[in-house]
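K.L.:
Protein sequences, first through last, are from chains A and B.
Under full-length UniProt numbering, the residue at position 173 of the first sequence is numbered 173, and the numbers go up by one with no gaps.
Under full-length UniProt numbering, the residue at position 56 of the second sequence is numbered 56, and the numbers go up by one with no gaps.
Worth flagging that the hints you see were computed from the coordinates, not collected in a lab.
As the structure is a prediction and not an experimental result, all values here were calculated from the model.
Cβ coordinates follow ideal geometry from the N, Cα and C atoms, glycine included.
A few of these clues could be false.
Claimed, not checked - Partial selection, computed: residues in chain B whose CB lies under 7 Å from chain A:
| hint | residue |
| --- | --- |
| 1 | Tyr29 |
| 2 | Asn32 |
| 3 | Lys35 |
| 4 | Lys36 |
| 5 | Arg42 |
| 6 | Val44 |
| 7 | Asp60 |
| 8 | Ser66 |
| 9 | Ser69 |
| 10 | Ser116 |
| 11 | His117 |
| 12 | Val118 |
| 13 | Ile121 |
| 14 | Ser178 |
| 15 | Glu181 |
| 16 | Pro279 |
Claimed, not checked - Covered stretches of chain B, as calculated for chain A (at least 3 residues, CB under 8 Å):
| hint | region |
| --- | --- |
| 17 | 124-138 |
| 18 | 671-681 |
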Amino acid sequence: MARTAIGCEPLVGSLTPSKKREYRVTNKLQEGKRPLYAVVFNFIDSRYFNVFATVGGNRVTVYQCLEGGVIAALQSYVDEDKEESFYTVSWACNVDGIPFLVAGGINGIIRVIDVSNEKLHKSFVGHGDSINEIRTQPLKPSLVVSASKDESVRLWNVQTGICILIFAGAGGHRNEVLSVDFHPSDIYRIASCGMDNTVKIWSMKEFWTYVEKSFTWTDLPSKFPTKYVQFPVFIASVHSNYVDCNRWLGDFILSKSVDNEIVLWEPKMKEQSPGEGTADILQKYPVPECDIWFIKFSCDFHYNAAAIGNREGKIFVWELQSSPPVLIARLICFSLHVKYNPQSVY
Amino acid sequence: MVSRASDSSSKSRKSYSEQSNDGLGNLTYKLNQLKKQVQAERVVSVKDKIEKNRKKIENDISQLLSTTSRKSVIFAMDNGFGNMPLCKYSGFPQGLGDRDYVNSHEVVLSTSSKLSHVQKIPPYTTWIFLDKNQRMAEDQSVVGRRRIYYDQHGSEALVCSDSEEDIIEPEEEKHEFSDGEDRILWTVFEEHGLGEEVINAVSQFIGIATSEVQDRYSTLKEKYDGKNLKEFEDAGHERGIALEKSLSAALDSFDNLFCRRCLLFDCRLHGCSQTLINPSEKQPYWSEYEDDRKPCSNHCYLQSRAVQDTVEGSAGNISSIITNTEGTLLHCNAEVPGAHSDIMAGERCNSKRVLPVTSEAVDSSEVAIGNENTDTSMQSLGKRKALELNDSVKVFDEIEESLNKKQKKLLPLDVLTASSDGIPRPDTKSGHHVGAINDNELQMTSKNTIKKSVSAKVVSHNNIEHNIMDGAKDVNKEPEMKQSFSKGELPEGVLCSSEWKPIEKELYLKGVEIFGRNSCLIARNLLSGLKTCMEVSTYMRDSSSSMPHKSVAPSSFLEETVKVDTDYAEQEMPARPRLLRRRGRARKLKYSWKSAGHPSIWKRIADGKNQSCKQYTPCGCQSMCGKQCPCLHNGTCCEKYCGCSKSCKNRFRGCHCAKSQCRSRQCPCFAAGRECDPDVCRNCWVSCGDGSLGEPPKRGDGQCGNMRLLLRQQQRILLAKSDVAGWGAFLKNSVSKNDYLGEYTGELISHREADKRGKIYDRANSSFLFDLNDQYVLDAYRKGDKLKFANHSSNPNCFAKVMLVAGDHRVGIFAKEHIEASEELFYDYRYGPDQAPAWARKPEGSKREDSSVSQGRAKKHQSH
């Protein structure tokens, strides 16, 4: 990494746990032998804040946290294709608020499951390769973005099954896209990162009419005029290796590579020249033994804390918004499968 | 980062204690103080930012909460998970139990819903459709970039920095100074001066070269000292529009960004900042007869008569009329080179036009001689005008008579000007001629000058060449006249002729270059909003008068055209008289079968080898290409984009095949692996359909059959799952043998880049590289068209051919045989024997072993 200039040093968190909060393992569930790649709580509908879903292998499972530490398995879905291996899952809903689960994996097919009717709503075929992450727009939960190995990020309308935008092309990623995230309040903005070591911020402001059009589209989804967004508004080279996870923290971005740390940085764009700008690294959250890729971190609903696992099965919980960062807890987990651990609202 | 920060601080602390005794100690201490201060401020600023962001997040969260909870209000009825849970697992309730011990449950699900099978599509990388090749953008290069690849099992493998020469040592990067460093620098230098020790200490402290520290200090000094000044300048700059710039500065973006080959800005194929090639042969002016010309605006010089009617009795008007009539003549002359045979007709028209005006002027001058009151003379002039217009010829005769009486000295000029075809006159005669005029001029008052000029014009009716001569002489006198009249009321238009900004002058010169001396066109196209037609014509006359008396030189025959002509002559062929040049141009139609193409090119084709495919770069040679011509050197023909003349020996001369031929090696273009070019070939033209505009050119009917890439006469290609492997390209309609199917487009990358990418692609077992020529390889990986998905076969139904189309190599895919509709397309990737991947080497019929395997493409090297 380049030397940091004086006056631009990031604040680095101390690895001494503050013990502000205590975490305990209350339950341990195991789904067969196949590893679980993702677990995600429902953040988009307050009725179901206690519901979470897991994916692993060709299976998607829905659980509910009940009183007294009881966890109930509500539903389970199995892809008929045994070769399918789901990598990612996200909650979404249609405009009527009916909850959907959106899952994707090695086959590159996005499965939209209507969980209230317990059936497959739609399948999106289009990605040219496996899907590494799916995220839902929190303000418009019918919109999801998917990051794929085919070097593109795509915006979908789960209600109508339309691929609205493809973020790829001349200024796009040059290798697998590993992670993508919607800005929490700027509805036009997404950030994506991947194996080309960059984080790219995209704006769909100029393409918003297509997003609106997708809600009223009645013709075949394949006839929708899908647009390519070829140029991001910002490209950051914060890392020198694969960037496997990024999340917005307000207007800042949390991202991580294989450098044993999560980095919080501020994108400083130049008004006149889109695509250019500098990244001001503000804070660093060290995570020891976290030098392999495809370890993601996850934030709670209020963005107070982020949790991340490491190679040794330890989980680090960081207080995100304190300066300098405070480690809330270091947890020892028995299972090495836990790579992805969101903080629930509890 | 932490450790380094503490390291450096401890180090500096140590050095402080060591040096505390000498003078530098204080400095080091100061530096550390400053650093600490800057860092402390940084901590505060980061905290501020985080705090501000926290407030924003709180706001966002409350918004999110309302979105999520509103839903539950509207849909209070639980339409969610109505069913009973499949099973329940109870762990330890919170607050109880052993921290380190938890029951492990195996989730056993009795029922699960099936997600029905969906047909998978073959894998591909997202790609952008290109209808035209593009050169790779700099930032897309993988050369010298470290890329890490992991194989399926997650173990790390480094591919892209394997060979040493590949790792380009990053040039000593210029240090970007942070605000904090700037502050340290500034404070220290302000307090301790710019002593060498101080500089060394600072550079060591920040960790960069002393020179950079000094540079930065001077820029800072400029910034702080010149702050106010700069702001002032900026403000001024915004106000003063581009008119202050020179033409070349204003044209900078045009010269740099406009592609003269593709006629568009920001050409992605040929790139920005191409070397400007100025053709040595100018196109003839776009000529238009004076007669056909309508006044271009209210300020057109042709409108001056109307103007005269409205403006009462201004002597200045006369001058402007004369100016303009002369302008008219000048235009006529300017047209002469363009349409030589029509000169006489044109002249006649002109003279007729000139007539009324001249007669007016003459009248006015007649009156003026008798009566010093110009006002009355002008009015009478106005009244008379109508009459004169009605019978201009008659009036002309009258005027001629009167003039002959008055201007006796001019009469000999008629005699002198026998040479109507523009053969250079002997010195003596022209000298005499000038002398005569000068005599005249000396004797005349300013009003007589008008008369004289008028007379000169009348004479011009008899002999245009001479007339022009006189006109020019007149022009010399014009400034005087203007001065004498400038005190009177000048019409608005004429007023600002003196305020020509440099850029306007340059624009004017460009205009003359493009349109000849046609003030209407110049004013409309180049000086619109800046100058009126009348101003332009006035300026035109002024500027030609300011020319030195080149006309007297025997080599030139038209003084009016001197300015324009000499401009050109100086640029290109200083020693060549016009006539010779024109003869040279006429030769362009003399095509000969054998002369087509450069001998060496012929040979290469005759050898039956593949096209040599050398990248063509236009040469900037003027007139003929000599041995130093880059095209010749490179082994390419000169093309129409070269600077050299059309008679250049190295030019490819195109074909002169009969219509609808050019489909066999009989055609020199076809044989040379080139498409015909309507600009170059004799009979290869593009029709506009049946005359109704907008109709696409029909195939076949009399048109050249060798312009199919140029005209994009391609077939509809369909993309679908291949019958063989992965994706495949299919044909919508049936075609016959040798039909053009479409173009294989992609990114143009260098061979070096291709080697690099090839390694990456080989790893993914999917390559879309196509060798184009000695400089470039086409890569259709991320940009291309559907034909990139056509699979390889050793017994194919298509073939790929590199064609030179308007100077660019392009890959066309052609039918090797008759192909039925909806058949899949294959062609031989033509891998070199040692380069072919295993699957391509196998004899036809053996099964593929990998689904993605077939997407490879003819590639140049496979450097293993």
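K.L.:
None of the hints should be skipped; say for each whether it holds.
P.N.:
Hints, verified against the model:
no.: 1; hint: Tyr29; result: violated (16 Å)
no.: 2; hint: Asn32; result: violated (11 Å)
no.: 3; hint: Lys35; result: holds (6 Å)
no.: 4; hint: Lys36; result: violated (10 Å)
no.: 5; hint: Arg42; result: holds (5 Å)
no.: 6; hint: Val44; result: violated (10 Å)
no.: 7; hint: Asp60; result: holds (4 Å)
no.: 8; hint: Ser66; result: violated (10 Å)
no.: 9; hint: Ser69; result: holds (4 Å)
no.: 10; hint: Ser116; result: holds (6 Å)
no.: 11; hint: His117; result: holds (4 Å)
no.: 12; hint: Val118; result: holds (5 Å)
no.: 13; hint: Ile121; result: holds (6 Å)
no.: 14; hint: Ser178; result: holds (4 Å)
no.: 15; hint: Glu181; result: holds (5 Å)
no.: 16; hint: Pro279; result: violated (33 Å)
no.: 17; hint: 124-138; result: holds (count 5)
no.: 18; hint: 671-681; result: violated (count 0)
Hints 1, 2, 4, 6, 8, 16 and 18 from the list above are not met by this structure, while the remaining hints are.
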